[in-house]
Amino acid sequence: MGYFLQQLINGLTLGMIYGLIALGYTMVYGIIGMINFAHGEIYMIGAFLAVIGFTVLGLLGISYVPVALLIVLFTAMLFTAVYGWTLERVAYRPLRSAPRLAPLISAIGASIFFQNYVQLAQGARVKPIAPVISGGYTVFEEGGFTVQLSYVQILIWLLTLALMVAFALLIQRTSLGRAQRACEQDRAMASLVGIDVNRTISLTFVIGATLAAVAGVMVTLYYGVVDFYIGFLAGIKAFTAAVLGGIGSLPGAMLGGLILGLVEAFWSAYFSVEYKDVAAFTILVLVLIFKPSGLLGRPEVEKV
Amino acid sequence: MSALLTVEHLSMRFGGLLAIDDLCFAADERRITAIIGPNGAGKTTVFNCLTGFYRPDVGRLTLHRPQGPLYLERLDGYRIAQAGVARTFQNIRLFPAMSVLENLIVAQHNVLMRASGYSVAGLFGAARFRRAEAEAIEFARSWLERVDLVERADSPAGSLPYGAQRRLEIARAMCTRPRLLCLDEPAAGLNPRESAELTALLRSVRDREGIGVLLIEHDMSVVMGISDHIIVLDYGKKIADGTPEQVRHDPNVIRAYLGEAEHEALPAEIAADLRRDDRPT
Amino acid sequence: MVANPNTAPRIDIAALLKDAALTAAVAFALALPLIGFRTVDDPAGLGIETRFDWVATGVGAVFLGRLLLSWLFALRGQRPAVGSGWLAHARAQLDPHMKWIALAGMLFAFLLPFLPFSSRYTIDIATTVLIYVMLGWGLNVVVGLAGLLDLGYVAFYAVGAYSYALLAVTFNLSFWECLPLAGLFAAFFGILLGFPVLRLRGDYLAIVTLGFGEMIRIILLNWVPVTRGPDGVSGIPRPSFFGLPFTANPPEGVTAFHEFFGIAYAGSHRVTFLYFLILLLALITNLFTLRIRRLPVGRAWEALREDEIACRALGINPTNTKLTAFAIGAMFGGFAGAFFATRQGFISPESFTFIESATILAIVVLGGMGSQIGVVIAAVLLILLPELGRELAEFRMLLFGAAMVLIMAWRPRGLLAHREPSMRLHSRNHRGES
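Protein chains in written order, with this note's numbering: chain F, 1 to 304; chain Z, 1 to 281; chain U, 1 to 434.
Hints may contain errors.
What the simulated footprint calls covered on chain Z by chain U, stretch by stretch (three residues with Cβ under 8 Å from a Cβ of chain U suffice, anywhere in the stretch; the number is not a length) [as the list claims (entries may be wrong)]: (1) 47-53; (2) 68-82; (3) 85-94; (4) 117-130; (5) 144-158.
Just the calculated beta-carbon pair ranges, DEER-fashion [claimed, not checked]: (6) U:Asp41 <-> F:Ser134: 17 to 25 Å; (7) U:Pro386 <-> F:Phe4: 48 to 56 Å; (8) U:Arg291 <-> Z:Tyr162: 30 to 38 Å; (9) Z:Leu17 <-> F:Leu295: 22 to 30 Å; (10) F:Gly33 <-> Z:Glu8: 37 to 45 Å; (11) U:Arg76 <-> Z:Tyr162: 29 to 37 Å.
Since the hints were derived computationally from the structure, they do not count as laboratory data.
Using N, Cα and C, we set each Cβ at its ideal position, and we do this for glycine too.
In isolation and in its complexed conformation, chain F is listed as follows:
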């Protein structure tokens, strides 16, 4: 029971991180109908910025956690946003009217570029940081097994929920959200009624990147280690989460992330750690075959 509960907590935490990354996929897919292949690398860059940020702050002697955390979050989001913007500008915008495969190839190229750029700039070794937030609540003890809910986990939960709410408001209440939804429906029409389509698409990439940056910071806090290769797997899994929830659906992305996180945690705990990624891909294939519109997505009617 205790073991189960601990896995539940861990799985939910992991799921929230996947969910945050998945939001970026689902938004970009919604608006330009393409997989942002380099999104995982954006998340990896966010994580690296967190490592650098915490290390620099530590050297500067700023160790009061809330202040350090806020500064790191803010700078990571800001700089990652620039990466997201550049990615769209360089790898996607010139190919807006190109054949469908072209932007995908250029995005794969961008992804390879980012990975190697970070590897060259920061070195290939795994980067560990000293724990920034330690400790937690003991939920309960049972036969010598303690179920822990760490402060980092609480932080991740709260931050994710807050971002979700803010995000939902942004999409539903602001003109940017309206412009986004309009572009999703019909890009040509949206530009005819005066929506700056380029700007809206850029902003979508920027927002996706900032959410990925938050996920990157959280992962750095949670695991304490980062390397330049983490973006690839996290990217595929977050995409799986987005598909599972129904691509284009924002609550779906979060739900998909949570389910995936839980499956991974329980699979590792009860079956085998080695094959946890295989489990995630199997889910992806099964969902695509049996419910391609995902859990919360709208079924697509084929236009003939």
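Based on the hints, put chains Z and U in the right spot on chain F.
Relative to the frame of chain F, chains Z and U by itself:
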């Protein structure tokens, strides 16, 4: 004259919208049957059910063949096509990068596939396959002559002008050697001269090939000129069914096209013209 | 902006400066955190090194570069149109002579080992290039002809390599016995994966195949009793020349290649033999592809790529047709894998990562999808250039990624995108052609 296709109690729902409501009609061999109706009346949906792109909720769609009836509502789209129902699309769907000739050869895929021994014999250049291929090219050439595209046979289909693309799409559908040809707005976007040519082509298909033609069309001059039989849909329901003459004077039809009551006195020719003027582009 | 050809274009220096400054500002924001600060390992945890001089140099270079570029564009009066220009022109000029160019290329390939400048090293590199050419041609069936985006092609390469390695090591089967088996296994995996997923839309298919590639790699890593896990399979038998091994001292009762032909033993015999082997395999792949493109199934692949809905309306079974493309592409991947295993003598999951799939895909797409010669050119570029620039080895993948982005922006249809119809009604110079 026997029924080639019978549609019985066809219904199709999209969410809350009842796109087709208990529709029954028949289309005959050697006759041109037109389905007309205002925008959103469910015409294309009927086609999509017939050709297997949608699964109807209720209804029986029967293709009558010498070897026995075939129920289309449970078949995959490609099987329906194999059974002899060919179609064209409202927004032309050619293989734009492939040449005009290749488009017509792809339409004869199943014949050629068998002749090539499912590619094995073809890989070794079997005589049987070479013969079948020569026949297929000859058949394609005969259709290119009928739609006046022989000169352009080796150009990419996507480079043809609009009207030629429409003709090519019909020729391609005919190259599947169908029993029933379904045309979704073949005259859309054509100029009057091209429309006249289209009319002649459809007549020749009816009379020379002797197959049934099912037609969705907005252009009333085309519809009234060539149809043997017209079915009028409005909001997914059939509101009239008969010869052009009967439909033209049907009060239900006039009301559907022009709105309620006050226009009831208008003669049908004017009604049809009004309809054409506000046709969507 | 429409340029008037009669007046020299006026150049708005202020706008150019502003544009360059903005670009430099973005470059600054990109470079500052990741290049400006470098994390270094420190006994006490992580330390930081600053490299602001690098950032300043980079930003300065970006500013000047951008200024120069936009000034050049302004001088020409307009930005160059994407996909036009000298390359397309050259292609059109060369097109009637393609057959001769291909023959000349083939002749060169056959003579390569005997040319004066050839060394063991050149032949080795040429062999690597040819492996990628073959993989590119194999994947071209799937991506170029059938239009199915396969991001996990390396999985079939891996299946072929492991099939050969394990069969040869476990059951002592020879290369020639294993080669067809390796192809069959890979094709079988292709069908196994393809059957459930081929009805998916393009991008979904891409991700699922990507996932499949990773799954195969994870299984190879972890299924230790069969695959020997991360240690890989070693001692894979090398191929023999129709039963004559390439060894200096063959075991009792076996005649070695050099003994049979009465020549002195040389290590280069095997290298040369391997080169001709892959050349042969690649040419078979090419001939097969060229031939099948003119068969109904090949045209159906292309038709599916162009419009799946129209295909269904013409009575083509989309799933089966895609499946054949997938299986045939996988089969060639399997053959190439078997060759790879016998050439290396050792394989491990390391060799079958996503980056391999990406490289092969890049070769197909950069070359111009569906273009057989394009694949050769792209493979030579992508494999050879990094080899030539050995000093730049560190930057190899960085440049590779950047090249993918830039070439796509420059020519979204690939370097040599051009389609020749699979059959003609009229002869080539018919006037009806436009």
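Hint check results:
Beta-carbon proximity to chain U at under 8 Å applies to 3 residues in the stretch 47-53 of chain Z; the threshold of 3 is reached and the given coverage holds. Counting residues of the stretch 68-82 of chain Z whose CB falls under 8 Å from any CB of chain U gives 6; the rule of at least 3 is met. Counting residues of the stretch 85-94 of chain Z whose C-beta sits closer than 8 Å to any C-beta of chain U gives 5, which meets the bar of three, so the coverage hint holds. Proximity of the stretch 117-130 of chain Z to chain U, defined as three or more residues with a beta carbon under 8 Å from a beta carbon of that chain, is established by the 4 residues found.
Counting residues of the stretch 144-158 of chain Z whose C-beta sits closer than 8 Å to any C-beta of chain U gives 8, which meets the bar of three, so the coverage hint holds. One distance hint, 17 to 25 Å for the beta-carbon pair U:Asp41 and F:Ser134, holds here, with the actual separation near 22 Å. In this structure, U:Pro386 and F:Phe4 meet the distance hint of 48 to 56 Å, their C-beta atoms being roughly 50 Å apart. U:Arg291 and Z:Tyr162 have their C-beta atoms about 36 Å apart, which keeps the hinted 30 to 38 Å range intact.
About 24 Å separates the C-beta atoms of Z:Leu17 and F:Leu295, a value consistent with the hinted range of 22 to 30 Å. One distance hint, 37 to 45 Å for the beta-carbon pair F:Gly33 and Z:Glu8, holds here, with the actual separation near 39 Å. For the pair U:Arg76 and Z:Tyr162, the beta carbons lie near 35 Å from each other, so the given range of 29 to 37 Å is met.
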